[in-house]
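Participant: Sequence:
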Amino acid sequence: MEEMNGAEVLVKCLEDLGVKHIFGYTGAAILPVFHALEKSDIEIVVNSNEQSCAFSAAGYSRSSNEVGVAIVTSGPAITNTLTSVADAYGDSIPLLVFAGQVPEHKIGTDSFQHINVKGIFGDAAKKVIQLSNGDDIESIVKDAYYFAKSGKPGPVVIDVPLDKQQKIHEYMGMNILRFEESYHDDRHLSDEQCDEFFQLLARSKRPLLYLGGGLNSEAGSHAIREFNEQLGIPSVNTLMAKGVVDERDGMNMGMLGMFGTPYANMLIQENDFFFAIGVRWDDRVAEKVGFAIGTDVAYIDINPEKMHQIKIERGPKFTFIGDAPTAIRDLLNYAKKHNITLDINQWQERARFLKRSWPLDYNRESQFIQSAEVMSMLADYVDSNTRITTGVGNQQMLAAQHLSMQKEKSFMSSGSFGTMGFSMPTAIGVHYANPNAKVIAIDGDGSLKMNLGELHTIASLDMPVKILLLNNQSDGMVQNLQDAAYDGIRTATQRQKDVHFAEIAHSFGFSYAKRISDRKDLKQGIEDFLNSEGPCFLEVCTDREEVLYPKVPAGGAYKDMILGPYIKQIDIA
Numbered sequence: 088m089e090e091m092n093g094a095e096v097l098v099k100c101l102e103d104l105g106v107k108h109i110f111g112y113t114g115a116a117i118l119p120v121f122h123a124l125e126k127s128d129i130e131i132v133v134n135s136n137e138q139s140c141a142f143s144a145a146g147y148s149r150s151s152n153e154v155g156v157a158i159v160t161s162g163p164a165i166t167n168t169l170t171s172v173a174d175a176y177g178d179s180i181p182l183l184v185f186a187g188q189v190p191e192h193k194i195g196t197d198s199f200q201h202i203n204v205k206g207i208f209g210d211a212a213k214k215v216i217q218l219s220n221g222d223d224i225e226s227i228v229k230d231a232y233y234f235a236k237s238g239k240p241g242p243v244v245i246d247v248p249l250d251k252q253q254k255i256h257e258y259m260g261m262n263i264l265r266f267e268e269s270y271h272d273d274r275h276l277s278d279e280q281c282d283e284f285f286q287l288l289a290r291s292k293r294p295l296l297y298l299g300g301g302l303n304s305e306a307g308s309h310a311i312r313e314f315n316e317q318l319g320i321p322s323v324n325t326l327m328a329k330g331v332v333d334e335r336d337g338m339n340m341g342m343l344g345m346f347g348t349p350y351a352n353m354l355i356q357e358n359d360f361f362f363a364i365g366v367r368w369d370d371r372v373a374e375k376v377g378f379a380i381g382t383d384v385a386y387i388d389i390n391p392e393k394m395h396q397i398k399i400e401r402g403p404k405f406t407f408i409g410d411a412p413t414a415i416r417d418l419l420n421y422a423k424k425h426n427i428t429l430d431i432n433q434w435q436e437r438a439r440f441l442k443r444s445w446p447l448d449y450n451r452e453s454q455f456i457q458s459a460e461v462m463s464m465l466a467d468y469v470d471s472n473t474r475i476t477t478g479v480g481n482q483q484m485l486a487a488q489h490l491s492m493q494k495e496k497s498f499m500s501s502g503s504f505g506t507m508g509f510s511m512p513t514a515i516g517v518h519y520a521n522p523n524a525k526v527i528a529i530d531g532d533g534s535l536k537m538n539l540g541e542l543h544t545i546a547s548l549d550m551p552v553k554i555l556l557l558n559n560q561s562d563g564m565v566q567n568l569q570d571a572a573y574d575g576i577r578t579a580t581q582r583q584k585d586v587h588f589a590e591i592a593h594s595f596g597f598s599y600a601k602r603i604s605d606r607k608d609l610k611q612g613i614e615d616f617l618n619s620e621g622p623c624f625l626e627v628c629t630d631r632e633e634v635l636y637p638k639v640p641a642g643g644a645y646k647d648m649i650l651g652p653y654i655k656q657i658d659i660a
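Terminal number for the sequence shown in my numbering: 660, no gaps in between.
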């Protein structure tokens with residue numbers, strides 16, 4: 088037992104939990120915590136704004152098995168994190184956000200920089216805790232860390248009044264295993280359930296795996312890869328599951344959905360057994376599907392509310408509520424024990440055929456560089472040590488289509504919330520979680536500007552983060568939607584003034600900053616960008632009139648997929 092103030096207890100808890108970095112921005116109501124951090128070995132990463140702090144912390148979580156931590160002050164600081172917290176909640180990302188607050192006796196008044204954190208964050212976070220002077224900081228903080236990771240993961244916001252930080256407390260040194268073990272999910276599939284699943288699968292001639300973010304972990308990736316070594320079922324994946332299986336494999340069809348790959352969106356139309364694992368049935372996928380008609384559905388997920396919804400909407404023949412990697416491992420062990428294999432050679436060949444014969448393509452005759460062209464070229468340099476973050480827009484979907492990721496937790500993108508400004512601050516967190524990885528932040532000019540200040544963070548801390556900007560002077564995805572729905576009337580989506588972002592990066596102190604507008608310079612430019620040391624920035628000027636293909640139109644099904652003028656079947660004989 089040791090006496091210390093509340094701020095010191097909080098920091099000591101983070102040390103006990105193994106936290107190595109926090110992402111934060113200081114202010115009056117959180118000063119005691121930052122003062123305690125100054126005496127700690129925990130590194131403080133100061134972002135350019137509080138939204139970015141929480142994005143960086145979530146990026147740390149997205150790319151590791153740890154929980155990222157953001158610490159900010161009261162009022163506008165904590166409200167600035169709201170978008171990042173909601174983004175993490177939508178994508179089931181564990182996150183801890185600590186906020187300073189006015190002294191407890193001033194809560195509910197019009198005190199300077201006071202805001203009702205619990206009221207504002209209630210529907211945007213997994214849990215919101217307002218500490219009072221009678222609460223035990225140590226047990227609450229240590230429990231919150233593992234609660235954020237448990238079940239359906241998500242962000243926990245903890246509001247810490249200033250007087251609570253200053254007051255003397257007794258630090259007990261509670262063993263963190265006490266809290267970690269309290270959240271262990273002990274549910275397993277029984278032999279009877281496994282038998283039920285494999286009887287259903289045995290009736291199938293054209294099974295298809297639908298892989299989601301619930302498998303995006305080392306345990307999940309290893310389990311599903313071993314499962315498919317045994318059974319050899321073609322797979323499609325969500326945006327959140329890129330890299331869960333090696334996307335270079337001939338039977339992984341890549342991303343499914345509104346902007347999915349042509350072969351993924353084709354193969355789903357032919358399946359007769361749809362096995363969804365750890366997915367939330369995003370509307371940009373589920374609303375396009377007619378697979379529930381005449382197709383058996385099996386579904387595994389840890390979220391009981393989502394399971395209830397899908398049971399009503401889809402009538403799956405097999406369901407299990409529990410940890411996806413554990414359930415897949417149970418099925419795998421049962422299959423090995425009973426020597427279960429599948430005779431689906433024709434279906435496997437069909438998947439390989441579609442992937443080879445319907446490649447992604449773009450306008451190769453245009454005088455302007457195509458964003459798809461850049462992604463296609465970058466794909467040649469992606470390896471197992473590459474970590475990608477994206478903004479939101481056409482560049483996000485093109486990266487998801489073209490970049491074949493090889494490892495879990497290697498592709499970080501805002502899936503559920505679709506948050507512009509996501510890429511750069513997330514890349515900062517990814518770098519700190521993976522200091523030896525090659526971190527590439529892919530962005531569009533519209534998305535980049537949302538958190539432009541992170542150029543300063545990256546440069547001032549000399550981070551080896553590489554930023555690839557596709558600059559088409561417009562909000563390309565929304566412009567495409569305007570062209571389709573509003574007869575080409577483009578309101579508020581184009582930028583008339585050409586801003587040289589590479590010059591801005593150079594002024595911040597990037598060691599490499601270059602702008603390319605001529606196709607003949609593109610390949611060498613990408614190689615120089617990837618091979619340069621320190622903070623690197625490559626701006627590629629791309630075609631404003633480029634349209635993202637393929638796409639499934641709003642209200643349409645996969646059979647209505649529009650391939651565009653450049654994606655065509657090729658002869659592979």
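Simulated from the structure, these hints should not be mistaken for lab results.
Treat the numbers as computed from the prediction; the structure is a model and nothing was measured.
Using N, Cα and C, we set each Cβ at its ideal position, and we do this for glycine too.
Warning: the hint list may mix true and false statements.
[What the hints assert, rightly or not] Cross-link-like lysine-lysine pairs, in silico, PhoX-like; alpha carbons within 25 Å at most:
(1) Lys404 x Lys423
(2) Lys99 x Lys254
(3) Lys525 x Lys610
(4) Lys107 x Lys525
[Unchecked claim] Label-pair restraints from in silico Cβ distances:
(5) Asn203 x Glu452: 39 to 45 Å
(6) Asn472 x Glu400: 38 to 44 Å
(7) Ser277 x Ser471: 34 to 40 Å
(8) Glu102 x Asp210: 47 to 53 Å
(9) Gly238 x Gly596: 56 to 62 Å
(10) Gly260 x Arg443: 56 to 62 Å
(11) Arg443 x Asp574: 50 to 56 Å
(12) Glu614 x Gly575: 34 to 40 Å
(13) Glu267 x Tyr573: 48 to 54 Å
Participant: Are the hints correct? Go through all of them and say.
Facilitator: Right, here's what the structure says about each hint:
1. Lys404 x Lys423: 23 Å, holds
2. Lys99 x Lys254: The hint holds at about 15 Å.
3. Lys525 x Lys610: With a Cα-Cα distance of about 18 Å, the restraint between Lys525 and Lys610 holds, given a limit of 25 Å.
4. Lys107 x Lys525: Holds, at about 20 Å.
5. Asn203 x Glu452: 39 to 45 Å: 57 Å, violated
6. Asn472 x Glu400: 38 to 44 Å: The hinted range 38 to 44 Å holds for Asn472 and Glu400, with Cβ atoms some 40 Å apart.
7. Ser277 x Ser471: 34 to 40 Å: 36 Å, holds
8. Glu102 x Asp210: 47 to 53 Å: 32 Å, violated
9. Gly238 x Gly596: 56 to 62 Å: With a Cβ separation near 43 Å, Gly238 and Gly596 fall outside 56 to 62 Å, so the hint is violated.
10. Gly260 x Arg443: 56 to 62 Å: 60 Å Cβ-Cβ, so the 56 to 62 Å window holds.
11. Arg443 x Asp574: 50 to 56 Å: At roughly 38 Å between Cβ atoms, Asp574 and Arg443 fall outside 50 to 56 Å, so the hint is violated.
12. Glu614 x Gly575: 34 to 40 Å: At roughly 38 Å between Cβ atoms, Gly575 and Glu614 fall inside 34 to 40 Å, so the hint holds.
13. Glu267 x Tyr573: 48 to 54 Å: 53 Å, holds
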